[in-house]
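All chains, please: the whole structure from these sequences, using the hints.
Under numbering that gives the first Met the number 0, the residues of the sequence shown are numbered 0 to 67, in order.
The set of hints was computed from the structure by calculation and includes no laboratory data.
Everything numeric in this text was worked out from a predicted model, so none of it was measured.
Heads up, the beta-carbon is just placed ideally off N, CA and C, and yes, glycines get one too.
FRET-style restraints, in silico, Cβ to Cβ:
hint : residue 1 : residue 2 : range
1    : 13        : 46        : 16 to 24 Å
2    : 55        : 22        : 16 to 24 Å
3    : 37        : 13        : 32 to 40 Å
Below, computed lysine to aspartate or glutamate pairings styled on EDC-like, alpha-carbon distance capped at 20 Å:
hint : residue 1 : residue 2
4    : 14        : 57
5    : 15        : 57
6    : 9         : 57
7    : 15        : 60
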Amino acid sequence: MTNAVLISGKAEGYKKSQCGRTFTVGELIGFLEQFDEETPVFLINDGGYSYGSITADDIAEDDFSDED
Numbered sequence: 000m001t002n003a004v005l006i007s008g009k010a011e012g013y014k015k016s017q018c019g020r021t022f023t024v025g026e027l028i029g030f031l032e033q034f035d036e037e038t039p040v041f042l043i044n045d046g047g048y049s050y051g052s053i054t055a056d057d058i059a060e061d062d063f064s065d066e067d
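Take a look at the structure:
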């Protein structure tokens with residue numbers, strides 16, 4: 000059996016400040032350390048109806064304080 004890490008995407012607001020508490024980078028790294036480094040990671044969309052991959056092209060940095 001091959002395992003995968005599945006991260007559920009959820010819409011919580013139209014601004015980052017409208018979202019609930021989220022992992023810091025350190026917390027996310029610490030959490031993922033429990034999995035084998037070769038375990039694939041997928042996003043779950045629409046309650047498991049569809050899935051998505053994550054690559055470096057999907058990750059960006061943004062200024063959290065720069066919201067209208």
